[in-house]
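From just these sequences and the hints, can you work out the full model?
Listed below, chain by chain, are the residues.
Number of protein chains: 2
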Amino acid sequence: MIYLDNSSTSHKKPFSVIIEQLKALTFYSINPSRAGYNRAIKLSEKIFKCRELFANYFSSLPENIIFTSGCTASLNLAILGSAKRNGHIITTIFEHNSVLRTLEHLKETHNITYTILTPNKNGVISPNDISKYIKQNTYMVIINHTSNVTGATQDIESIGKICKKNNLLFLVDGAQSVGHEKIDMQKYNINLLTIAGHKGLYASQGIGVLIINNVQLQPIIYGGTGTHSDKIKQPIDYPDGFESGTQNIPGILSLYEGLKFVIKNQEKINKKIFNLTKYLLYKLNRIKNVTIFSNTPNSGVVSFIIKNVDSAEVSNILDSSYNIATRSGLHCAPLVHKYYNTLKNGMTRISINYYTKKHHITKVIKAIEKIALT
Amino acid sequence: MIYLDNSSTSHKKPFSVIIEQLKALTFYSINPSRAGYNRAIKLSEKIFKCRELFANYFSSLPENIIFTSGCTASLNLAILGSAKRNGHIITTIFEHNSVLRTLEHLKETHNITYTILTPNKNGVISPNDISKYIKQNTYMVIINHTSNVTGATQDIESIGKICKKNNLLFLVDGAQSVGHEKIDMQKYNINLLTIAGHKGLYASQGIGVLIINNVQLQPIIYGGTGTHSDKIKQPIDYPDGFESGTQNIPGILSLYEGLKFVIKNQEKINKKIFNLTKYLLYKLNRIKNVTIFSNTPNSGVVSFIIKNVDSAEVSNILDSSYNIATRSGLHCAPLVHKYYNTLKNGMTRISINYYTKKHHITKVIKAIEKIALT
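These protein sequence lines map, in sequence, to chains A and B.
Going by this note's numbering, 229 is the number at position 229 of the first sequence; the sequence numbering is gapless.
Going by this note's numbering, 67 is the number at position 67 of the second sequence; the sequence numbering is gapless.
Some clues are possibly wrong.
Pairs involving identical chains hold if they fit within one copy or between any two copies, as the list cannot separate such chains.
[As the list claims (entries may be wrong)] Each computed DSS-like pair below joins lysine-lysine, with the alpha-carbon atoms no more than 30 Å apart:
no., residue 1, residue 2
1, LYS357, LYS264
2, LYS344, LYS42
3, LYS231, LYS84
4, LYS49, LYS23
5, LYS363, LYS283
What the hints contain is simulated information worked out from the structure, not anything from laboratory work.
Quick caveat, the model's predicted, so the values are computed rather than measured.
Written out as structure tokens, the structure reads:
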């Protein structure tokens with residue numbers, strides 16, 4: 001199988017990630033923060049070190065690193081946990097359903113309204129547009145850093161400045177960008193950063209992170225925290241009050257190794273993805289009947305359509321005739337497709353990561369050429 | 001390390017569970033329901049088979065098996081997702097903070113009230129008490145099947161009959177009982193059963209299940225479902241509408257193997273736990289200065305206190321002097337301790353599973369004897 005669906009889940013994992021996951025299921029299969037025996041304490045220390053690494057890499061504090069079950073859970077906690085009744089939010093067409101459907105829910109329960117910004121022809125949201133749409137009751141800006149559909153990457157530094165100036169919470173959905181681009185939460189004035197473990201950080205599925213800077217959230221899940229156990233009201237301390245229940249230890253340990261891997265190889269990873277994506281874009285652009293919606297080689301995401309062929313059909317042929325795994329359809333981000341007029345047939349997405357080989361790209365190009373020209 | 005903290009997390013995992021988790025991180029590290037390529041379809045089929053196995057074992061339907069990040073997430077979804085404004089709930093002192101703190105939250109948001117039942121001297125909640133406390137606005141009964149503190153196991157069959165007769169939702173917290181006792185949701189009239197993967201099912205941490213029979217919940221987490229992706233309102237179909245985001249595939253596959261292991265070895269597991277627990281209870285009962293709060297050998301849970309020694313201190317000595325891992329404190333269930341008057345010093349808990357050896361029990365008995373008599 002030639003795997004080109006890395007934006008969904010990075011398929012191949014670093015050896016260290018696999019080994020650590022295995023260790024979590026054997027040596028460290030215990031409940032760290034709830035017990036006091038030697039191995040539990042060792043595991044607690046390891047998890048704290050993981051929080052420290054995240055805090056250093058993203059400019060935050062160890063206690064502000066909240067482990068979740070994935071980026072969807074992180075986004076829900078960030079959005080629901082900061083909800084302001086009758087408030088207004090500014091966001092974009094690039095948001096995933098994990099943002100849009102959460103906002104739609106808040107419309108009903110908190111009478112929240114939201115404005116959806118559209119990009120320029122390069123897929124970029126103008127920071128000025130944000131200033132333009134700020135209302136008296138606006139309290140948050142939610143930006144999909146890198147689109148999982150087109151790979152378009154937003155200028156979060158400029159947007160962060162506007163948020164700071166206007167005293168708005170700034171939530172960045174880093175599902176697709178983390179691991180590809182270093183994000184400095186302090187520098188960019190980000191209050192809430194959501195992270196998927198299993199994509200750009202090469203960790204296991206089932207683990208995500210929410211990093212919180214300078215904002216007190218309300219919990220959305222209630223349960224045992226191993227702290228204040230005599231109190232029947234959910235604590236709101238970071239991180240315990242927001243990590244109720246037994247944690248996904250295999251996930252956390254794999255994530256720790258994943259981030260170490262990315263930090264160690266950042267330059268190589270970026271170079272590899274940039275070069276392969278650039279080559280793919282260059283070649284696809286020259287195939288008749290192919291329309292591309294991506295133009296940023298950094299993200300490793302290339303979405304396209306072939307004239308008169310349904311996107312799902314393209315993926316089906318790539319799979320059945322060429323053993324190439326891609327993904328088609330709406331990619332859980334309907335407004336991007338509404339904007340690009342691809343709501344009916346979707347787009348086919350190729351997504352590249354560090355383990356993608358040049359010959360994978362050559363093969364997919366040849367296959368697409370064949371589909372497009374016959 | 002002699003590990004006697006299995007009610008927290010079963011430490012040793014069956015070989016098949018470890019292998020499958022490893023396979024999930026290598027061969028099956030993909031996103032099943034969102035893609036159409038061959039391996040994704042194979043994985044989807046495997047996950048469906050897992051749902052089928054759960055449905056058969058617990059008397060439900062495959063589509064009613066909701067995978068969650070753990071029992072806490074399952075309980076939150078069950079309780080928050082079925083909340084009725086101004087309603088009344090009947091529950092017990094045995095509930096975990098994942099029930100109590102969720103109810104406490106609903107008090108504020110949904111004006112919910114709840115009645116907490118106390119047990120008889122054997123730790124058993126009288127089903128008649130439930131009938132006695134039903135009010136006009138009572139809509140649900142929440143029962144901790146087996147207490148994580150004392151091991152007391154409730155008569156869910158009788159309670160289920162009362163719920164059915166009075167048209168009440170019946171939620172059973174199976175965190176500690178699943179894997180030890182077969183639960184037939186149809187026979188017992190259970191509407192909502194919550195399951196932890198990493199305890200009696202010997203699976204990985206980070207995976208749980210909620211099984212739903214004959215009730216429509218509202219989602220509490222919003223996001224991509226891989227279905228109705230063009231709709232900005234969260235779907236409420238089972239299971240997709242309640243499993244937003246990339247799932248914990250390693251967790252699910254390990255859970256599948258875990259349940260297979262339990263089904264295959266049920267009799268052996270029960271016999272082992274029963275005999276070791278009975279022996280432990282018999283011996284501990286004869287040690288001066290030791291008070292035991294458990295009397296059910298089926299559960300594998302034995303909690304006790306030693307006169308004039310803080311429970312945490314007992315665990316500390318067992319760890320540092322004997323390399324025995326136990327757990328002390330409140331075990332995230334404060335009302336049990338309020339009832340037994342152990343809120344200040346907690347209890348020390350020994351919890352046994354299939355992999356516990358006779359000599360582990362002999363050693364812990366000797367150690368406790370030494371602590372209690374010096």
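Cross-check of the supplied hints:
no.	hint	in the structure
1	LYS357 / LYS264	within (20 Å within a copy, 44 Å between copies)
2	LYS344 / LYS42	between (53 Å within a copy, 27 Å between copies)
3	LYS231 / LYS84	both (26 Å within a copy, 24 Å between copies)
4	LYS49 / LYS23	both (17 Å within a copy, 27 Å between copies)
5	LYS363 / LYS283	within (12 Å within a copy, 70 Å between copies)
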